[in-house]
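**Q** Now for the letters of each chain:
Number of protein chains: 2
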Amino acid sequence: MGEFLTEFRTETTLPAPGGQRGTEPGRPAGAPKRRGPIGTQRDGRPGPAEGEAVMLLERARAEVDPVLRDVLGSLPGPMRRIALYHFGWEQADGTPADGGSGKAIRPALVLAAAAALGGPEARAAAVRAAAAVELVHNFTLLHDDVMDRDTTRRHRPTAWTVFGVPDAILAGDALQALAMRLLAEDPHPAAPAATARLADCVVELCAGQHADTAMERRGPGEVTLDEVLAMAEAKTGALLGSACAIGGLYAGASDADVAALDAFGREAGLAFQLIDDVIGIWGDPRRTGKPVGADLAARKKSLPVVAAFTSGTPAAVELAELYARPSEEDDLDHIALTVERAGGRDWAQNQAADRMAVAMQQLARAVPDPEAAGGLLALAEFVTRRSS
Amino acid sequence: MGEFLTEFRTETTLPAPGGQRGTEPGRPAGAPKRRGPIGTQRDGRPGPAEGEAVMLLERARAEVDPVLRDVLGSLPGPMRRIALYHFGWEQADGTPADGGSGKAIRPALVLAAAAALGGPEARAAAVRAAAAVELVHNFTLLHDDVMDRDTTRRHRPTAWTVFGVPDAILAGDALQALAMRLLAEDPHPAAPAATARLADCVVELCAGQHADTAMERRGPGEVTLDEVLAMAEAKTGALLGSACAIGGLYAGASDADVAALDAFGREAGLAFQLIDDVIGIWGDPRRTGKPVGADLAARKKSLPVVAAFTSGTPAAVELAELYARPSEEDDLDHIALTVERAGGRDWAQNQAADRMAVAMQQLARAVPDPEAAGGLLALAEFVTRRSS
Numbered sequence: 001m002g003e004f005l006t007e008f009r010t011e012t013t014l015p016a017p018g019g020q021r022g023t024e025p026g027r028p029a030g031a032p033k034r035r036g037p038i039g040t041q042r043d044g045r046p047g048p049a050e051g052e053a054v055m056l057l058e059r060a061r062a063e064v065d066p067v068l069r070d071v072l073g074s075l076p077g078p079m080r081r082i083a084l085y086h087f088g089w090e091q092a093d094g095t096p097a098d099g100g101s102g103k104a105i106r107p108a109l110v111l112a113a114a115a116a117l118g119g120p121e122a123r124a125a126a127v128r129a130a131a132a133v134e135l136v137h138n139f140t141l142l143h144d145d146v147m148d149r150d151t152t153r154r155h156r157p158t159a160w161t162v163f164g165v166p167d168a169i170l171a172g173d174a175l176q177a178l179a180m181r182l183l184a185e186d187p188h189p190a191a192p193a194a195t196a197r198l199a200d201c202v203v204e205l206c207a208g209q210h211a212d213t214a215m216e217r218r219g220p221g222e223v224t225l226d227e228v229l230a231m232a233e234a235k236t237g238a239l240l241g242s243a244c245a246i247g248g249l250y251a252g253a254s255d256a257d258v259a260a261l262d263a264f265g266r267e268a269g270l271a272f273q274l275i276d277d278v279i280g281i282w283g284d285p286r287r288t289g290k291p292v293g294a295d296l297a298a299r300k301k302s303l304p305v306v307a308a309f310t311s312g313t314p315a316a317v318e319l320a321e322l323y324a325r326p327s328e329e330d331d332l333d334h335i336a337l338t339v340e341r342a343g344g345r346d347w348a349q350n351q352a353a354d355r356m357a358v359a360m361q362q363l364a365r366a367v368p369d370p371e372a373a374g375g376l377l378a379l380a381e382f383v384t385r386r387s388s
Numbered sequence: 001m002g003e004f005l006t007e008f009r010t011e012t013t014l015p016a017p018g019g020q021r022g023t024e025p026g027r028p029a030g031a032p033k034r035r036g037p038i039g040t041q042r043d044g045r046p047g048p049a050e051g052e053a054v055m056l057l058e059r060a061r062a063e064v065d066p067v068l069r070d071v072l073g074s075l076p077g078p079m080r081r082i083a084l085y086h087f088g089w090e091q092a093d094g095t096p097a098d099g100g101s102g103k104a105i106r107p108a109l110v111l112a113a114a115a116a117l118g119g120p121e122a123r124a125a126a127v128r129a130a131a132a133v134e135l136v137h138n139f140t141l142l143h144d145d146v147m148d149r150d151t152t153r154r155h156r157p158t159a160w161t162v163f164g165v166p167d168a169i170l171a172g173d174a175l176q177a178l179a180m181r182l183l184a185e186d187p188h189p190a191a192p193a194a195t196a197r198l199a200d201c202v203v204e205l206c207a208g209q210h211a212d213t214a215m216e217r218r219g220p221g222e223v224t225l226d227e228v229l230a231m232a233e234a235k236t237g238a239l240l241g242s243a244c245a246i247g248g249l250y251a252g253a254s255d256a257d258v259a260a261l262d263a264f265g266r267e268a269g270l271a272f273q274l275i276d277d278v279i280g281i282w283g284d285p286r287r288t289g290k291p292v293g294a295d296l297a298a299r300k301k302s303l304p305v306v307a308a309f310t311s312g313t314p315a316a317v318e319l320a321e322l323y324a325r326p327s328e329e330d331d332l333d334h335i336a337l338t339v340e341r342a343g344g345r346d347w348a349q350n351q352a353a354d355r356m357a358v359a360m361q362q363l364a365r366a367v368p369d370p371e372a373a374g375g376l377l378a379l380a381e382f383v384t385r386r387s388s
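Chains as they are written, first to last, in our numbering: chain A, 1 to 388; chain B, 1 to 388.
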């Protein structure tokens with residue numbers, strides 16, 4: 001969780017949608033339907049909901065990218081170069097690159113929310129807003145990497161390692177400004193409210209990142225579960241919630257529906273973060289070769305770890321001793337087992353399930369028509385790897 | 001010029017307006033009226049135009065500060081603390097402070113431009129926009145100090161030295177977001193255009209700061225006068241121009257008048273920067289105790305220095321030798337004299353006068369009524385220290 005706004009750990013190429021593209025009917029939303037515990041192992045082939053999610057993500061990418069390329073192209077030379085590098089569209093020397101610019105989950109949520117409550121017309125009207133949300137996401141990534149001194153992003157050296165810290169800060173500043181300009185120039189009546197909401201979200205993201213860096217300086221035993229949950233909500237939940245809420249605004253949704261969409265995105269975002277933290281300790285069942293225990297080696301205060309620390313169990317005492325003395329001969333499997341024995345894994349998986357249940361309730365409230373809610377449901381299941 | 005957006009060198013208390021407050025009639029604008037070379041020595045007492053400028057600055061501060069305190073108060077705790085410290089309203093420990101938060105020249109320009117073309121009603125409507133401009137200015141200062149590693153701002157330790165680099169970056173990010181939210185929540189019909197303009201200005205400020213940091217890595221002989229003028233326009237002129245243009249937007253001004261107001265602010269901003277650079281070498285005639293030659297000791301590529309370097313004179317050759325070997329026994333007076341002999345001082349003062357002449361022409365174009373233009377004229381004279 002040492003990231004400003006967490007990127008998905010699996011940044012590899014999306015599974016090919018195969019023959020399911022466009023043929024997958026809307027699936028019913030409503031009450032949560034468990035098909036096994038969240039984050040359980042899968043066979044690696046896209047299921048029906050995943051197929052729909054992949055299609056929505058690819059479609060969002062295809063619609064938003066031209067807008068992004070257009071506004072990024074309007075930047076002055078040096079800022080443009082850094083931005084295009086960060087998005088994976090240029091190499092550091094300015095030659096074209098075919099790198100992935102992320103999964104477009106946030107733009108896809110904007111568009112799916114607009115479509116759910118306003119149909120294709122609202123969806124089409126929300127493309128600029130979806131691009132603005134993606135710009136804000138990427139602005140936070142640029143600054144996040146500077147603050148956390150992260151050197152790799154989407155399998156490439158981070159922008160600050162290539163262009164220097166000042167230019168990475170400046171490029172992030174410029175991307176935030178571009179996001180706001182995109183919305184300010186949008187004649188849609190929802191644009192001012194969307195701008196205000198996105199600006200509020202930036203403030204929340206900043207507060208979340210502050211909380212994260214502040215926690216890094218404290219011992220794991222000094223951090224409460226409420227604190228770390230609040231931080232994860234601000235860092236990860238806030239922008240997913242805002243994406244859904246902004247889509248709702250473009251569909252002319254009521255205040256109550258917009259609030260429910262925000263809550264849906266937030267809760268799904270928290271569920272995602274919980275699962276992501278589980279994967280950071282016990283590995284991604286969908287991805288071979290993922291180093292298991294990386295977060296433990298870095299002594300991250302991830303959600304399952306803090307849950308284990310605050311469990312009051314004998315295993316918690318043992319974990320505190322293990323965490324206090326990092327060494328190169330760490331037995332990461334043993335630490336992972338200790339977190340598990342202290343209940344950290346079960347807690348995280350149950351929390352994720354609970355959060356998804358709340359997300360589904362909020363979704364059903366905002367979008368009672370199950371068919372209309374299908375896109376948002378598929379995306380939420382995709383990010384939390386629930387689909388099977 | 002090592003600052004993102006240059007603050008005024010004289011950040012001390014404003015001269016007391018004395019008996020002139022409110023009694024000074026509007027002064028005629030129009031063609032520039034020279035009363036001696038720009039930046040010439042004065043007797044230290046505020047003259048009539050300075051009295052008017054001081055009144056406008058104090059009035060702007062009084063109107064904008066409540067809005068700023070309100071929006072800064074809405075920030076989450078840690079971000080709020082950093083922002084209030086940066087604005088000089090709190091000590092680092094959160095106790096109240098009575099520090100100066102700057103001269104409010106940019107908000108005063110917004111309000112004066114609105115008043116010049118739209119009267120008191122437009123002026124009152126533009127207060128939120130004026131606060132937004134001030135937030136953007138302060139966001140750039142926070143980030144500027146991080147990038148330039150400056151340790152003092154407004155006579156206090158900079159925010160990053162007190163709260164750390166990550167929190168100073170985050171507080172700056174949050175201030176940019178607050179600025180955009182203020183405008184987005186403003187129901188005035190000019191708000192979207194003002195938001196777009198302010199966002200564009202942020203991009204230009206970023207490009208200017210990039211150019212500045214990039215030039216720092218080059219030798220003074222490798223920098224052209226055009227480059228350094230373009231950089232100063234982006235870093236200093238752009239926000240002063242935007243402030244005037246946004247005021248015009250709130251007055252319902254035509255596109256042509258808004259463009260003329262922008263040009264007025266830009267040119268006045270460049271004149272200010274030229275005079276500020278002259279003061280950075282030869283000292284401020286209005287302020288005893290200002291260390292003369294500070295910019296030379298730091299080997300800054302300020303405008304008079306680049307002019308001297310590119311003059312093709314024998315003194316330029318001598319200057320290149322002096323600049324190449326900084327030492328603690330630098331004879332700064334001798335270097336200053338060499339810049340002067342190479343024509344750097346005359347060039348800067350003539351350029352400043354030319355820029356002010358263009359500024360006055362643009363002002364006369366946008367605001368033909370001399371009485372209505374009086375406030376903007378007084379502010380422009382104040383920042384360039386032309387008033388006597």
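What the hints contain is simulated information worked out from the structure, not anything from laboratory work. Do not take every clue at face value.
As the list claims (entries may be wrong) - Chain A side only, calculated, beta carbon under 7 Å to chain B, not exhaustive:
no., residue
1, Met79
2, Asp173
3, Val203
4, Ala298
5, Ser311
6, Thr313
7, Ala315
8, Pro368
This one's a predicted model, so the numbers in the text were calculated from it and none came from an experiment. Every residue, glycine too, gets a C-beta built ideally from N, C-alpha and C.
**Q** Do the numbers back the hint for threonine 313/A, that is, is its least Cβ distance to chain B under 7 Å?
**A** Violated: closest Cβ of chain B sits about 32 Å from threonine 313/A, beyond 7 Å.
**Q** Tell me if the interface restraint on serine 311/A is satisfied: Cβ within less than 7 Å of some Cβ in chain B.
**A** This hint is violated: serine 311/A lies away from chain B, its Cβ roughly 28 Å from the closest one there, beyond 7 Å.
**Q** Hint alanine 298/A vs chain B: min CB-CB distance below 7 Å?
**A** violated (18 Å)
**Q** Holds or violated: is the Cβ of valine 203/A closer than 7 Å to a Cβ in chain B?
**A** holds (5 Å)
**Q** So, as I understand it, the hint says alanine 315/A touches chain B; can you test that by seeing if any CB pair is closer than 7 Å?
**A** At about 33 Å, which exceeds the 7 Å cut-off, the nearest Cβ of chain B leaves the hint on alanine 315/A violated.
**Q** Grab the minimum C-beta distance from methionine 79/A to chain B and call the hint holds if it beats 7 Å, violated otherwise.
**A** Hint on methionine 79/A: holds, closest Cβ of chain B at ~6 Å, below 7 Å.
**Q** Against chain B, run the beta carbon of aspartate 173/A and see if the smallest gap drops under 7 Å.
**A** holds (5 Å)
**Q** Is the interface hint satisfied for proline 368/A? The criterion is a beta-carbon contact with chain B at less than 7 Å.
**A** Constraint on proline 368/A not satisfied, violated at 30 Å.
Going through the hint list in order, the structure does not satisfy hints 4, 5, 6, 7 and 8.
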